[in-house]
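4 protein chains.
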Amino acid sequence: MPTTVLGQNQYGKAECRVVKVVRDGTTHHIKDLNVSVSLSGEMDEVHYSGSNANVLPTDTTKNTVYAFAKEHGIASAEDFATVLARHFVAGQEQIHRARIRVEEYAWDRIGGPGHSFVRTGQETRLAQVTFDGGHVEVVSGLKDLTVLNSTGSEFWGYAKDTYTTLPETHDRILATDVSARWRHGWTGAPDSPAPDWDASYARAKTHILQAFAETYSLSLQQTMFRMGTRVIEQDPDVEEIRFSLPNKHHFLVDMERFGLKNETDAPDGAVYLAADRPYGLIEATILRDGAEQLIPADLTTL
Amino acid sequence: MPTTVLGQNQYGKAECRVVKVVRDGTTHHIKDLNVSVSLSGEMDEVHYSGSNANVLPTDTTKNTVYAFAKEHGIASAEDFATVLARHFVAGQEQIHRARIRVEEYAWDRIGGPGHSFVRTGQETRLAQVTFDGGHVEVVSGLKDLTVLNSTGSEFWGYAKDTYTTLPETHDRILATDVSARWRHGWTGAPDSPAPDWDASYARAKTHILQAFAETYSLSLQQTMFRMGTRVIEQDPDVEEIRFSLPNKHHFLVDMERFGLKNETDAPDGAVYLAADRPYGLIEATILRDGAEQLIPADLTTL
Amino acid sequence: MPTTVLGQNQYGKAECRVVKVVRDGTTHHIKDLNVSVSLSGEMDEVHYSGSNANVLPTDTTKNTVYAFAKEHGIASAEDFATVLARHFVAGQEQIHRARIRVEEYAWDRIGGPGHSFVRTGQETRLAQVTFDGGHVEVVSGLKDLTVLNSTGSEFWGYAKDTYTTLPETHDRILATDVSARWRHGWTGAPDSPAPDWDASYARAKTHILQAFAETYSLSLQQTMFRMGTRVIEQDPDVEEIRFSLPNKHHFLVDMERFGLKNETDAPDGAVYLAADRPYGLIEATILRDGAEQLIPADLTTL
Amino acid sequence: MPTTVLGQNQYGKAECRVVKVVRDGTTHHIKDLNVSVSLSGEMDEVHYSGSNANVLPTDTTKNTVYAFAKEHGIASAEDFATVLARHFVAGQEQIHRARIRVEEYAWDRIGGPGHSFVRTGQETRLAQVTFDGGHVEVVSGLKDLTVLNSTGSEFWGYAKDTYTTLPETHDRILATDVSARWRHGWTGAPDSPAPDWDASYARAKTHILQAFAETYSLSLQQTMFRMGTRVIEQDPDVEEIRFSLPNKHHFLVDMERFGLKNETDAPDGAVYLAADRPYGLIEATILRDGAEQLIPADLTTL
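Protein chains in written order, with the numbering used here: chain A, 1 to 302; chain B, 1 to 302; chain C, 1 to 302; chain D, 1 to 302.
Just so you know, these hints were derived from the structure itself, not from any lab.
Check each hint, because a few of them may be wrong.
In this list, chains with the same sequence are indistinguishable; a pair is considered to hold if it fits within one copy or across any two.
Using 25 Å as the maximum straight-line C-alpha spacing, the simulated PhoX-like pairs for lysine-lysine come out as follows [said to hold, decoys possible]:
hint : residue 1 : residue 2
1    : K143      : K248
2    : K205      : K160
3    : K261      : K160
4    : K160      : K248
5    : K261      : K20
Could you put the whole structure together from the sequences, leaning on the hints where they help?
Below, the structure written as structure tokens:
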């Protein structure tokens, strides 16, 4: 008699590195993706007895990623993931859900139009598409977008207990690596055209940056909420957004020990120590009023 | 009129690196932890208006981690996390939930008893304790436990489609980096003594290794299910376990191109290419019959 | 009788993370550095007997980095390192040589002039200054500048042996992460003004990128030599430059297995697999005619 | 007229991941290597004109690594690298020097003899063999061997200047990640049998650990010198050894701020903060009396 049962399970090929080059005369266009496939369905037997009858090999899912980049092209990370997700569920009866995750790396041109590129190196764009046979769920996102305000940030008036030693401050550096995921309302219904994903992404990034820059901040939570609100307000298709924001501490170095004053607003500037660990970690979901919260609390990438 | 509302949110200090040394004469004992605190509760205002009145600073949570290592000691990762989680909820009315995550690094002694140590470097032990004011939830785990079977693994009889090109095999290397989390049934009720966490952890690791070694494998899913079942069968307090297992491919190198035969069972051995990306990714929860599934599908660390 | 003697030795504090903010009204300027100090001199005793009488603590060298950022400012990575290197040799009789290494991270502004920044994320700028009491040696550099040509690269006509199976190609992707170090002729003589380091760096980066883009490449070695030659030709102060260039392979995916043609110049584009390991590694020094070769063969950072 | 000339150059394939399994009945033996090849010789033309006539492709060097693992086996990292280095110089007239670098990962058995392994995860073993047509140079080494003494370390009596604020201490934690390279005297002369490399490596590691544990330390430099001396004294074939040792600071946490005493020798133990950056970096070569110093000052791996 079995004492254990199988719960949620998924499998697939992770981190397929796909680069697509399309030539338009001497002007080339490049897409640089890292694609991970995760499939679920009637998979009891492979766990219980090792029968692979229902298992489309992960090697096949990898081949499909490359083949589809050829056959269907990569209009955008979200479009490509949608085509893949629909394919796996439609193509194999026993597969009931497919989740495709994409990381996208951006490239700038060296000089004008041509075939030479330099990686921007800034944030990594993210897309996740899940298809369960009925609805498509699209979550876009980004990670490793490092931002810093050198003033316009305070932190005071907080709760205190026996272990509180932090002095209040009315002028500090606020810096973080933005990691964000936002869920779209579009569900892939037949009569409903998909958003322009690239335009949507560009808008989201712009508003995250602008809200970060324009918010006079009393807490990183406040700044985060404004960033999320801006994204939702500016894009009617965004239902919710989740952030995970490390508070990258920059400590004003105490120089009185060697007879120097190191003050924030000194004419010759202020010197900070950029710390690694530990760091504050501020996380929240901001929802369009009435929207359901579906993005998990802990953000993951692949 | 606000168009957005606050959803799930949490904050705290991540990655507090704590080392505790206890001297027993000339024999020293060491605990080496990385502790992350995450608090939730009545935190609307800090997001909406930036008022920090309800915010115990993350700096304070860091101080508490170090102070508690002194005041309460570190009996085990799980014990230490439990004391911390209870403290934050009990100590601040507006905090309703505390989640403490711990990474633990193991050290061996150099020579016999004394004060000299070398880091084992094998897996990282994990513990997560969540307290919501009523119940304690303890999830133990490990990551980066790299294992390999050089035979006793097959893969054949799988589903095929247009993109399937993988040849079947009856003798392959099976290798993975085990990442596992298991949830305990113990909920911290007053009359219920906590398990011996260190003994429980040692048992879980042993059974994961043994099940990996002893399972003749037709699929990594099958091996995974056996590993999970063994852990649950051997420890009455474990309710569920989740694995995330990369299939670290080792490809038998094709040497016919340069006139050599490279066969698995050749007397002079076989040569494999250990690949990086892409890799299969096999994930599942194994549940004690009747248990609730609470560990999230995507495993995270900090 | 000692059987061993002390050879080359150096010590100091590595990876001091310094951020300097200078306010010019509401417009702020930021410098973000990672500074490592390495000192050598009369250090026999600290190795032989443990006497620290000649050892200026690494903690003091760290303090000096922060204090000098305040007292002397950070005109550029090279200027700052020069001031530090001179100080340690001048300030402590027993220290005969100081080597300062700097990594610099670049920031763009969010919106116009103000106090909000986003990290560019592209290459990391490097500077190394060594002072031995007489001459200053300045080596500038960069790392992690990822570039790609989607055509204009061939590889054929190479030597062959028993193990050669690579097909020749007349159209391939050429991609690399540029790591480069270039040594300046300036030696800090009293009557010799230092170069404008920021302008010099900008020129070097521009010419590396342009030479990469403009070279029709028969080998990565050829492209590398052109990049180095361009930097030296365009800057009379550069004596030599060394590159370490991984050949980041992009393999045209074989799709005949699933009935597709995947050709470089197909109208609907070509699909490549971006590989991780192994990678070609191409390294060389290019010298101004008559210059001495002083940059070590193996590039290091910190 | 050329303004630039080619200096030192080398090329090859880096990070070939080779796993060799040899079956002895049901007991399997495993070797797990990461091999990098670097070749030099008459390579002017490939840099100047792009002619590859003298270039054995890096792809061929990769194939050779795998083929030789089959044809010659892997007796040890050093033996394998020696066979490879000799081959490239002997096999191609235009190649005058070959340098092979190997990283080796160790595995323990799960249970008794069989085919199941768990990676030890401790240090990575290193070997570098260079052959120039005449002599073989063998450098062995290791990295990432993390060690800690919880007492038996002092630091006082050091030089002081304006920026010195560090308090002296007579009881501190001393911890480091050992990175070491030691050069052998054996040069591959025809009548000179090679050392037993595995036994030599085991001895070196043991003596490094023992010297670390047994040295009452007044400075990390002193401990380092003892470690090097022990390796040289115990192995007549070792000519020199170089260390690069980060001083991984463990700061006794100041708890007076919250009314606690945190003292090194308290009966209930002491609590330390393990810091990341900056760290001290202590480097030196220890030489057998009369030996030449050939290991570069900055250690590199691949």
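Okay, the hints, checked on the actual structure:
no. : hint        : verdict
1   : K143 / K248 : both (15 Å within a copy, 24 Å between copies)
2   : K205 / K160 : neither (36 Å within a copy, 41 Å between copies)
3   : K261 / K160 : between (28 Å within a copy, 21 Å between copies)
4   : K160 / K248 : within (22 Å within a copy, 32 Å between copies)
5   : K261 / K20  : between (55 Å within a copy, 14 Å between copies)
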